[in-house]
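2 protein chains.
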Amino acid sequence: MNNSSVLIRPESLRQFSTQVFEFFGVPAEDAVLAADVLAYSDEHGIDSHGIARLKTYFDLLRSKRINPVPRISIVREKGSVATIDGDNGLGLVVGPKCMLTAMERAKVFGSGWVSVCNTNHYGAAGYYPVMALQQNLIGLSMTNTTAGVAPFNGSEKMLGTNPVAIAFPGFREPPVIIDLASSAVSYGKVEIAQRKGEAMPDGWCIDREGHPTNDPTEMIEGGALLPLGSIAEGSGHKGYCLAVMVDILSAVLSGANWGPYAIPFAIHVAPSSKLVGKGIGHFFGALDIEGFRDPVEFKKEVDEWVATMRRTKAQPGKPPVLIPGDPEREAYRLRMEEGIPVDRSVFASLQSIAAYIGIELPVS
Amino acid sequence: MNNSSVLIRPESLRQFSTQVFEFFGVPAEDAVLAADVLAYSDEHGIDSHGIARLKTYFDLLRSKRINPVPRISIVREKGSVATIDGDNGLGLVVGPKCMLTAMERAKVFGSGWVSVCNTNHYGAAGYYPVMALQQNLIGLSMTNTTAGVAPFNGSEKMLGTNPVAIAFPGFREPPVIIDLASSAVSYGKVEIAQRKGEAMPDGWCIDREGHPTNDPTEMIEGGALLPLGSIAEGSGHKGYCLAVMVDILSAVLSGANWGPYAIPFAIHVAPSSKLVGKGIGHFFGALDIEGFRDPVEFKKEVDEWVATMRRTKAQPGKPPVLIPGDPEREAYRLRMEEGIPVDRSVFASLQSIAAYIGIELPVS
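Chains as they are written, first to last, in this note's numbering: chain A, 1 to 364; chain B, 1 to 364.
In isolation and in its complexed conformation, chain A is listed as follows:
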């Protein structure tokens, strides 16, 4: 514990989240699942997507903007692919169930792909591909999110931070786990700069008129994030293209709200007055390694790939070359031992939830 955070045992946080979901009528099994998705972020150092978001799920459940008992249904399908309607359930419940559908189809057809509409914020994108690894599958997930990013050369928020995540199993080495937002940075980093009163690096944001800005407040008050690559010289059109890919696969293909119409994940932001579909959208995929190559051979080759990349000479004064997933594994090792550092403002939000529901606050 230090001045800015409170250390809490991982198990206590899980129990607390589960109780909160159950309070609103989420079935016990679904509540445990939703808590597991949140815990994945907290336990792996992805502080923006774990318990810090519980207050927003709480707000949306309390105001009945999320359905605690969704009837998730397949609306269209063909062999390895399907569209699923999440019935406005928690993305934390709809997401894992749809990923399982993709995995089941991969076991039958060699691959499985599910586009999902009528769903909500699903936590960290990286949770889903990891589900696939134990079954010799390569897993993939994407989601569109509340518009916060300007298209390349644009001055308005038209797309979300739309992440892509994919994971590959190793044999003795840990898996390669990729999880990247298609924006230059996350909104969370802008908030941190504002809290610290610091200027932001070039290339992160524009202000409400579309001018580059280093002032986090200017972005927060009507500006926008820039896509990965930021500007013409950095190939900002490429980050824009990635966000487009995610938006169309997740939302246009499934019949969800796309682009600027994506339902905001926030209680104080009204949804757009125009809707073009149902909820937000996710896209899940699984590839059966068995259909391409002997899985043991593949995993041993991933091991060699990992070992080779690790041997790369680092740039002078820079940390060593990491394998995607390494930072999260290091955080996991530390946090499962020492506890999860919960920001004081997040802790205060948990206090308000505990008081409302009448349950114990999680403490170490």
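Among these hints, one or two may not hold up.
Cut-off 25 Å, straight-line C-alpha distance, at most; resulting in silico cross-link-like pairs (DMTMM-like, lysine to aspartate or glutamate) [said to hold, decoys possible]:
| hint | chain 1 | residue 1 | chain 2 | residue 2 |
| --- | --- | --- | --- | --- |
| 1 | B | LYS189 | B | ASP47 |
| 2 | A | LYS107 | A | ASP343 |
| 3 | A | LYS107 | B | GLU104 |
| 4 | A | LYS157 | A | GLU198 |
| 5 | A | LYS55 | A | GLU338 |
| 6 | B | LYS157 | A | GLU338 |
| 7 | A | LYS318 | B | GLU218 |
| 8 | A | LYS78 | B | GLU104 |
| 9 | A | LYS97 | B | ASP294 |
Not close to chain A: a few residues of chain B, all C-beta gaps over 10 Å, as computed [claimed, not checked]:
| hint | residue |
| --- | --- |
| 10 | GLU77 |
| 11 | PRO341 |
| 12 | ALA355 |
The set of hints was computed from the structure by calculation and includes no laboratory data. Just so we're clear, the structure is a prediction, and the values are computed from it rather than from any experiment. C-beta: ideal position from N, C-alpha, C; glycine also.
Assemble chain B onto chain A, guided by the hints.
Below, chain B alone, put in the same frame as chain A:
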């Protein structure tokens, strides 16, 4: 025609390429196909991947490093997925044939995915997804390439510029066509800066010791390109992650040479003394829209998506927001009317090819 380039009719370039491939024993139908892939680049303004590369294909065919009559075969499969061995054929022939396999499987199983080993440089990644559009399929392609890019924080070339391409059909609007290399910029841009004697922007390259450099010669003589995002502040780890995804799906999954072992697409660069697989690797995919949503409904929604993005207010002093594929469409319109501007040094390479083979040089 101006001082630096020669204008040539698109049809003349196609015929010339076809003749060159046929000269080395490539069957007539395959030669036309390979020429079509090159022509796609020239006709759409992707100058780095069209006729400018013919000399390298020529060199590799002449030195028997590429097999003109490959027996392309499925080595493993399961429903919607397969691994194909390209028998060291031209990527320009192996690529389209493997993309067709992915498309055929998508029509049966809802999606089709093909990982390819023992192949060579396949031209512009964007050619392949476009093949899928007429059949109500979403198309996707990736390939690993000669190592030229440093992993995030690394100082050595360990990965290729590994592109990702995906395309979505519109109804009345043109398709959304995404084709992006996972590096900050292409090697071609570094060469152009060197030719012009210009300094490069920050974030493109490092020198042989791993220090940032703005001098194109320092990159060319033993340095490396940086991944999309470039540095820590720009999220350079994300471009690295994209390159990793492409490398594993294209090369590790298929049994091709991955990472630093990818076979160089150049006559004067010896392949690595260590091989970890066969040739380089591609990855192709197709999703049947029919399996997710009524295709006409989907395409009309893509139209609305396109119209919405086009209405985005531009940043002050910046060009309007474009749809992925717009720049290539504009180039196509101009070039099919005025001809293809062929760089004088490229034209000289065509002269040498024509002299060797004893055929007519293409002229307007």
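Against the 25 Å threshold, does the CA-CA distance of LYS318 of chain A and GLU218 of chain B hold or violate the hint? Satisfied, since the Cα-Cα distance of roughly 20 Å is no more than 25 Å.
Pair hint LYS157 of chain A and GLU198 of chain A, alpha-carbon separation not exceeding 25 Å: It holds: about 23 Å lies between the C-alpha atoms, which stays within 25 Å.
Given the proposed pairing of LYS157 of chain B with GLU338 of chain A, does the C-alpha separation stay at or below 25 Å? Roughly 38 Å between the alpha carbons, so the hint for LYS157 of chain B and GLU338 of chain A is violated.
Does LYS107 of chain A pair with ASP343 of chain A here, judged by a C-alpha cut-off of 25 Å? Judged against 25 Å, a Cα distance of about 42 Å means the pair is violated.
Does GLU104 of chain B lie within 25 Å of LYS107 of chain A when you go C-alpha to C-alpha? OK: LYS107 of chain A and GLU104 of chain B at ~20 Å, within 25 Å.
Just want to verify: PRO341 of chain B was marked as not at the interface with chain A; is every Cβ pair farther apart than 10 Å? holds (22 Å)
If you draw a straight line from the CA of LYS189 of chain B to the CA of ASP47 of chain B, is it 25 Å or shorter? holds (11 Å)
Is LYS78 of chain A close enough to GLU104 of chain B, meaning Cα to Cα at most 25 Å? Judged against 25 Å, a Cα distance of about 14 Å means the pair holds.
Status of the stated non-contact between ALA355 of chain B and chain A (beta carbon gap over 10 Å): Correct as stated: the minimum Cβ-Cβ distance to chain A is 39 Å, above 10 Å.
Verify the proposed pairing of LYS97 of chain A with ASP294 of chain B, using a straight-line Cα cut of 25 Å. holds (24 Å)
When you look at the beta carbon of GLU77 of chain B, is every beta carbon of chain A farther off than 10 Å? violated (6 Å)
Would you mind confirming whether the straight-line C-alpha gap from LYS55 of chain A to GLU338 of chain A stays at or under 25 Å? Since the Cα atoms of LYS55 of chain A and GLU338 of chain A sit roughly 24 Å apart, the hinted pair holds (cutoff 25 Å).
Consistency with the previously given hints fails for numbers 2, 6 and 10, ordered from lowest to highest.
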